[in-house]
Amino acid sequence: MLERKSPLSQIRIMGKFGHFSEEIGLTIRESKDFTYLEMSFWDQAMPSLRSKFLELFALKDFPESGLTITLKGGRLIRSGPARLAYYGEPGPEDVLLAMVGGDEGSVVSLSHSRCALHLSGSKVKDVLERGIRVNLGESAFPVGANAFTEIHGMSVLLIRTGASDYELIFMRTTARNIWTWLTETAAQFGYEVL
Amino acid sequence: MSPKPQKFRTGGGRIDRLKPLRFKFDGHELYGYEGDTLASALLANGQHLVGRSFKYHRPRGIYTAGVDEPNALVGLGTKDQVTPNVQATSQELYTGLTAVSQNRWPSLKLDALSVNSLFSRFLSAGFYYKTFMWPAGAWEFYEKFIRRAAGIGKGTHLPDPDSYEHVHKHTDLLVIGSGPAGLTAALTAAEAGKQVILVEQDFELGGSLLNRPLTVGNISGEDWLKRRLSELEVFKNVTVLTRTTAFGFYEQNLVGCVEKVQDHLSIPNLHVPRQRLYHIRAQKVVLATGALERPFLFGNNDLPGIMLSSAAETYLHRFGVLTGHRPIFYTNQDAAYDFAFALKTGGTEVAAIVDPRRDIPSALFQKTRALGIPLYPGSRIVRAEGYQRVRKVLLQPVKSGRDGKGIWRDCDSVLHSAGWNPVVHLQSQRGIKPVFDPGLNSYLPGAGITADHGCAGSLAGYEETDAVVSQARKVAKYLIGQIKTAPRNYKKPVHDTPPVVSDNSPKSGKTFVDLQHDVTTADIAQAQLEGFKSVEHVKRYTTQGMASDQGKLGNVNTLELLANLKGEDQALLGTTTFRPPFTPLTIGAIAGRSVGAELSPTRLSPFHECHRRAGAEFITAGDWIRSWYYPKGGEDVIAAYIRETGAVRKSVGMVDVSSLGKIDIQGPDAAEFLNRVYINGWKALPIGKARYGLMLRDDGMVMDDGTTWRLGENHFFMTTTTTGAAAVMRHMEYLLQVDWPELKVNLTSVTDEWGGMAIAGPSSRKVLESSFQGIDFSTEAVPHMGFLEFESDGLPVRICRLSFSGELAYEVYTRAGYAELLWDQLMEGGKPHDMILYGSEALGALRIEKGHVAGPELDGRTTADDLGLGRMQSSKKAYVGNILKEREGLIAETREQLVGLMPVEGAVALKAGFILFEGDGSEPKGHGLGHVTSVTFSPALGRHIALGLLSEGRAREGTLIRAVSPVDDMSVDVKVCSPHFYDPEGERMHA
Chain A
206 MLERKSPLSQ IRIMGKFGHF SEEIGLTIRE SKDFTYLEMS FWDQAMPSLR
256 SKFLELFALK DFPESGLTIT LKGGRLIRSG PARLAYYGEP GPEDVLLAMV
306 GGDEGSVVSL SHSRCALHLS GSKVKDVLER GIRVNLGESA FPVGANAFTE
356 IHGMSVLLIR TGASDYELIF MRTTARNIWT WLTETAAQFG YEVL
Chain B
105 MSPKPQKFRT GGGRIDRLKP LRFKFDGHEL YGYEGDTLAS ALLANGQHLV
155 GRSFKYHRPR GIYTAGVDEP NALVGLGTKD QVTPNVQATS QELYTGLTAV
205 SQNRWPSLKL DALSVNSLFS RFLSAGFYYK TFMWPAGAWE FYEKFIRRAA
255 GIGKGTHLPD PDSYEHVHKH TDLLVIGSGP AGLTAALTAA EAGKQVILVE
305 QDFELGGSLL NRPLTVGNIS GEDWLKRRLS ELEVFKNVTV LTRTTAFGFY
355 EQNLVGCVEK VQDHLSIPNL HVPRQRLYHI RAQKVVLATG ALERPFLFGN
405 NDLPGIMLSS AAETYLHRFG VLTGHRPIFY TNQDAAYDFA FALKTGGTEV
455 AAIVDPRRDI PSALFQKTRA LGIPLYPGSR IVRAEGYQRV RKVLLQPVKS
505 GRDGKGIWRD CDSVLHSAGW NPVVHLQSQR GIKPVFDPGL NSYLPGAGIT
555 ADHGCAGSLA GYEETDAVVS QARKVAKYLI GQIKTAPRNY KKPVHDTPPV
605 VSDNSPKSGK TFVDLQHDVT TADIAQAQLE GFKSVEHVKR YTTQGMASDQ
655 GKLGNVNTLE LLANLKGEDQ ALLGTTTFRP PFTPLTIGAI AGRSVGAELS
705 PTRLSPFHEC HRRAGAEFIT AGDWIRSWYY PKGGEDVIAA YIRETGAVRK
755 SVGMVDVSSL GKIDIQGPDA AEFLNRVYIN GWKALPIGKA RYGLMLRDDG
805 MVMDDGTTWR LGENHFFMTT TTTGAAAVMR HMEYLLQVDW PELKVNLTSV
855 TDEWGGMAIA GPSSRKVLES SFQGIDFSTE AVPHMGFLEF ESDGLPVRIC
905 RLSFSGELAY EVYTRAGYAE LLWDQLMEGG KPHDMILYGS EALGALRIEK
955 GHVAGPELDG RTTADDLGLG RMQSSKKAYV GNILKEREGL IAETREQLVG
1005 LMPVEGAVAL KAGFILFEGD GSEPKGHGLG HVTSVTFSPA LGRHIALGLL
1055 SEGRAREGTL IRAVSPVDDM SVDVKVCSPH FYDPEGERMH A
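Quick note, the sequences are listed as chains A and B, same order.
Take the position in the first sequence, starting the count at 1, then add 205; the result is the number in the numbering used here.
Take the position in the second sequence, starting the count at 1, then add 104; the result is the number in the numbering used here.
Treat each hint with caution, since some may be false.
To be verified - Facing chain A, from chain B, some residues (calculated, C-beta under 10 Å):
1. Leu374
2. Val376
3. Arg385
4. Gln770
5. Pro772
6. Val849
7. Glu990
Because the hints were derived from the structure by calculation, they are not lab data.
Glycine included, each C-beta is placed from N, C-alpha and C at the ideal position.
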């Protein structure tokens, strides 16, 4: 198994940084060796694909647009009426490639093109709202919500995974800019890189 | 540290006398206390003279106690942390604060340019426009002197060492202002469970309650404030932002606010930004911005010691500072009397109260007399006198003529109040014009309440605190849907109000309507005489209201003055336009984190660290940071690229091509889609082969080019130019969504997914054979434009044989996370073949030698025919641009065509942009026949070469023309030739 190199590997230094006394405002943990797939479907294929997905992932409901369903080891992200993304542990790629026929849609692996950070802590929302314009309020962006948005002109996917937990997924070519923005912004609250 | 007693400091106030603060003004060490502003501390120390005026360099003192201050502007900080034009009235005091007065030389007390006052009759409105019009062309001479004399403060050219940031907030209700109205509105919404943000520009909440001894209901304002603040603390749904000014009110209830996070700290926290700019998107907004006191206009109204009555009251009540020991009050407001009485009963000698009204409420009249304060009803101040401080004023009856005699009264300060101007600025920014209210003799918001915002408190014309609180509660309730009847603005009964302008007689001395820009009532009158009738024209001609205070004090007086001069009803006169920002912003706050290397995003190749380790110099190409060249032994870029180019031609080199745009195209209609997008045919392209493609815009011009590989029956991999990638993706998404929705095609950008290196040169095949042993790279296995996909020890590899350099070449891709593994493998495989690394400079030289087009030629104005690619255009199908490319202008014989250019003297270098002219010896005129697009020194030819676009270019091959640069004053004889300088038959590429 080859090691996938993160674009942050040269700059991501473990430890506690910034301004803090007791409580660290933000904890940053990079997700590694994840799988990220983008799936687009033709409208008429959606009913049959819906059934296939429910069966494959043992789901009760198909996620609504803008929402995310947590799977065992991953997340199914509904980014649009006929668009889904899978983010999580490796595994389903081959199954999904086989499941989605060419007449139904397409599955593209973008695992190497993305960088992913798990962000948590009491100040995580304060940090995020310094770059993201989307309303991150409790009712507007509840646990499970996702947004394809941008930070400082760079595309990001933000998923709220808990009360104070988010996944931030972004393009690897802009990873250094995102990291600089994140750490400089978080320094005022104190942050820890795990 | 034990501070000296301060001459003007009294008891009381909200300052903390246990926390003295040391600061410097013009090099003098002074003391204040925590809770002071710089202005209150200066006044406490008896420093009334704080600056010089803009044009006439007249001595100026502190006029207000807030953001309306026109005079007390200071430079704050030292060296690289200088902030000019800071209002001393808004600057919180801290230990170590260093302030300097502005616009004076050599000192504040003795300013050489105060001589300007002697020539003031020549410096009236329009002086510059009229004086420097002649002789023609002399402006450049005058300009440097005028610019040197202009302006007030001086900034620094050093980089700003501070950091700034932007914050995006969403809320149910935003309340702007924390006086009685703002606090009431915020609490009302908070109690209803709404998310509330309360912003206050001051460092304390309370607004007018901090400044005057008010009562609310039957309790003191101070107690009422304490109760409301303790209630506010309970609500978790309320965010309070002090030191935060709402500077702009935009569509969709977007409000821009700036928070001065660390401007009050002696030792800033390095991890915390100096200022924050908030973008607050609110469902509803309550404007509770209050009102600013209006000054009277009289001669020499700018002398130090003359200030607004409410400012003097603020300094006394909030900061425990007496602004004078013998003040004269000049007012038409009952409330000012209360302050005069308080001063008198506190032991201050009140020299007089001058009131233009004849009918003064009897209670005030009686109390004034009882306290022994001289009262002058029906009178006005015509003129003040003094040197660097007011010493006396001339009083006249209001009804006397311009030459009416008066009496002089001695004083050391004049505290004046001509009424209140609601702060209508924010609502006006939304395009709602303020309306003149005769009762208030000022302007109210054009709409008291709308569907998304409401005006509360004194902004809406309410004066009594109880009425303010009651109205603000109703505004909040209406906006959050608790009541259905909208509260209205308060309309005061109309009284016979005497004018605020005392006199326009030259004998009265200068009467300043705009103190910061030294605009006088005479300037306004002159503008009228010269035909500037509209308020907007008067503003621009006189610059009234255009200083950093935006005319907060002077605008309303100017409008009254204009109405009087024109003999028009002020209600019909209109106002100038209020625009953001309400108070000045630092450029740093606007920029936020978009500075320096973070100005805009930059993209790094997955091989970036490899390049760095190999000693690459980098260059920006669009968003990308690319390896430019790899210097050896102190080489500069020229020496390096010549060496690198030569090595590629001789043996082999490797260059990073990861920045090329890459798009995954899938679907049963993918081939049909490409057939419509590109000018050439795609349906017959076999799986395993790639093809060069050219796409046009709708208008027939070339949009982009690249190769596209057929991975499967319904699966393609497209590459685009580096800079064209995003535009191509947008273009194709548009076509699928709008023009051809029936096509089943999905597009996914995979630019970041794949890292790629091009191996180019005669030995490139050998490098691949060494790198991926066991794979057949023969021409039979991998022909030109053929590709392979395989795994090498688990490494996924895509290889396509194609060439940008004109040499036998391959593009080798792998998944981005494995890019460094691929690099290592290729470098190892390249060792036996002396493979070198080459950068984008050599890449450019190689493609120019070969005559391949790139960005400079794909400039959006060239057709396929222009570029010599016309034969690619299929006549058997329709494609984007195929109709409009046949327009008369696009097929004209005189169109500029791609040609090669060789200077007759090979050592002479051309530059991109040189204009091409006939070579017949005629004088170059006009736009010429075309221009040089790309230049390089060709190591293969041992001379400088270029590509260019030349009218009827192909027909001119073999002729001599001239390349001219008026900028460089150069004219070079060049020979027109084929753009394919090197290996025109392509033998090397197909080897």
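Here's how the hints hold up against the structure:
Taking 10 Å as the C-beta contact cut-off toward chain A, the hint placing B/Leu374 at the interface holds, the least distance being around 8 Å. Hint status for B/Val376 relative to chain A: holds, with the closest Cβ pair at about 5 Å, below 10 Å. Residue-level restraint check for B/Arg385 holds (minimum Cβ-Cβ distance to chain A is 7 Å; threshold 10 Å). Taking 10 Å as the C-beta contact cut-off toward chain A, the hint placing B/Gln770 at the interface holds, the least distance being around 4 Å.
Contact between B/Pro772 and chain A, as hinted, is supported at the beta carbon level, the nearest pair being about 6 Å apart and thus within 10 Å. Here the hint on B/Val849 is kept, as its CB sits about 9 Å from the closest CB of chain A, short of 10 Å. At about 35 Å, the closest approach between the beta carbon of B/Glu990 and any beta carbon in chain A exceeds 10 Å, and the interface hint on this residue is violated.
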